[in-house]
Amino acid sequence: MLQLIREIQRNHELIWALALKELQVRYKRSALGFLWALLNPLLMMIILTIVFSTVMRIGVNEYAVFLLSALVPWTFFSQALSYSVESIVTNADLLKKIYIGRSVFPLAAVLSNLINFLLSLIPLALVLLALRFPFHWTWVYMPVPLLGLMLFTMGCGFFCAAANVFFRDVSHIIQIILSAWFYFSPVIYSLDFIPERFRLLFRLNPMLYILNGFRLAIYYGQLPSLASAALSVGVGILAFGIGYYVFHRYEDSFVYYV
Amino acid sequence: MDLAKIRFDNVVQRFRVIRERPDTLREVFTRLFSRNSRVYDFDALKGINFTIRDGEAVGIVGRNGSGKSTTLKIIAGVYRPTSGRVVVSGRVAPLIELAAGFHGDLTGRENIVLNGLLLGLSRREIMASEDRIIGFAALGDFIDSPVKQYSSGMYMRLGFAVATEVDPDILLIDEILAVGDAEFQQKCMARIEEFRQRGKTIVLVSHTAATIRQLCPRAIFLDGGTIVADGPAEEVLAKYIESQEGHQEAPHLSQEGAPASG
Chain A
242 MLQLIREIQR NHELIWALAL KELQVRYKRS ALGFLWALLN PLLMMIILTI
292 VFSTVMRIGV NEYAVFLLSA LVPWTFFSQA LSYSVESIVT NADLLKKIYI
342 GRSVFPLAAV LSNLINFLLS LIPLALVLLA LRFPFHWTWV YMPVPLLGLM
392 LFTMGCGFFC AAANVFFRDV SHIIQIILSA WFYFSPVIYS LDFIPERFRL
442 LFRLNPMLYI LNGFRLAIYY GQLPSLASAA LSVGVGILAF GIGYYVFHRY
492 EDSFVYYV
Chain B
-17 MDLAKIRFDN VVQRFRVIRE RPDTLREVFT RLFSRNSRVY DFDALKGINF
33 TIRDGEAVGI VGRNGSGKST TLKIIAGVYR PTSGRVVVSG RVAPLIELAA
83 GFHGDLTGRE NIVLNGLLLG LSRREIMASE DRIIGFAALG DFIDSPVKQY
133 SSGMYMRLGF AVATEVDPDI LLIDEILAVG DAEFQQKCMA RIEEFRQRGK
183 TIVLVSHTAA TIRQLCPRAI FLDGGTIVAD GPAEEVLAKY IESQEGHQEA
233 PHLSQEGAPA SG
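Quick mapping for you: the protein sequence lines, in order, are chains A and B.
If you count the first sequence from 1, you need to add 241 to reach my numbering.
Position 119 of the second sequence, counting from 1, maps to 101 under my numbering, and the rest follow consecutively.
For the record, the hints were derived by calculation from the structure and aren't laboratory data.
All of these numbers come straight from a predicted model, not from anything done at the bench.
In silico DSBU-like links for lysine-lysine, alpha-carbon gap of 30 Å or less:
hint	chain 1	residue 1	chain 2	residue 2
1	A	Lys269	A	Lys337
2	B	Lys28	A	Lys337
3	A	Lys262	B	Lys130
4	B	Lys221	B	Lys28
5	A	Lys337	B	Lys169
6	A	Lys337	B	Lys130
7	B	Lys169	B	Lys130
8	A	Lys337	A	Lys262
9	B	Lys130	A	Lys269
If we strip away everything but chain A, and leave its shape as in the complex, we get (with noise of 0.2 Å):
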């Protein structure tokens, strides 16, 4: 872990300007450029939004706000995750040219997605305004469920940016794995409309702490329990200690195999 520390202190230029590149190049052939990391969640939003207040009404008060509460932190984590995963294996020609410290690739990954995400807070912002929802002052506490999901991210993309290395079919299996944990993750619905003897079963899972932790913040204007609060930044540690644990592991020998 102090190796990671001392990584990330000598890369942290390098890291910034990778995560930079991707967004660069993401953006770069298009007309409005930059404009679109802002443009494209606003755009989806404003669909989501008229889906479900107009066409699909769902007996939950301001559906779309409570959607996208969760929806904006999950498509940072799987997007996030998507490039992580790819992230040691598409820089190969570099690895076998120059020796860089590995962790800055799946790092800059993360970090990309970070800004994007930040991002699109702004248009969410706007989306509550045009709705006429209220701020609730909350939303100073989403930099703690931010934090989980932060490291959460992380500890994922590192092990599976090792385990692509190796085994090639982790990248398309993850895309799987996604989908289904979205429908798994309280996204689209809450956990009170899960049946009580399922609950237990959805309460293993690690992001419905973090996700409940943004749409209290948001939505209901509430902060969650102590418990709840601790699990989502927990479950974060644990993930990013195990994700880098078997990262550092293999980093030699990526080498090779790419």
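With chain A fixed as given, assemble chain B onto it according to the hints.
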């Protein structure tokens, strides 16, 4: 004080070579039931020893597959040897495949920053030497175009310009002089010569004797992962050229009635 910049103690580098990847699911299943192993070990370096001192310029010669590039990559830290001990002290700048970190959609200027960071420079160092890099690469207005529009020569020039801006203690050079036009080659040579005069340690890999003769007083001849000769460049190169003639040009020589024809 130990002046050794690079030391290899009985270094072995083993690669696991996959003979053939299963392409279809059917092959994966047939593989499961046959014990026929498709993987074998290949020792690219079979226990080599050498020491390179501060300020030395050493050429490594050998045919393709002799372990030259592997040696260079171990010095660069890309490979961690399977067994043996490697000591490298000082900042290493690899001039190995210069444009490895370039991204086609970014401009030359943007790539200078990215590539410099990849090579371990700080953003401040890169900014300070940006003009010099651009001047050396001599790309003109192309510096603000995406590098995917560059010719291979322009690509190389930019890569070389960035890589030599890292002020290294040890400079690793792999065959780069084989490409690029004559003028650029001369420019490269001048730059490398400048490094040498500043007392930097240089390790140069090549399969052409001329490049090594020009820059290195000492040479190491690798063949099949072992050191065949290590010493003054002239002697080592003579052995290398001799072995090459024995291998490749035997029919040619016999035509001319050389004694080798027997």
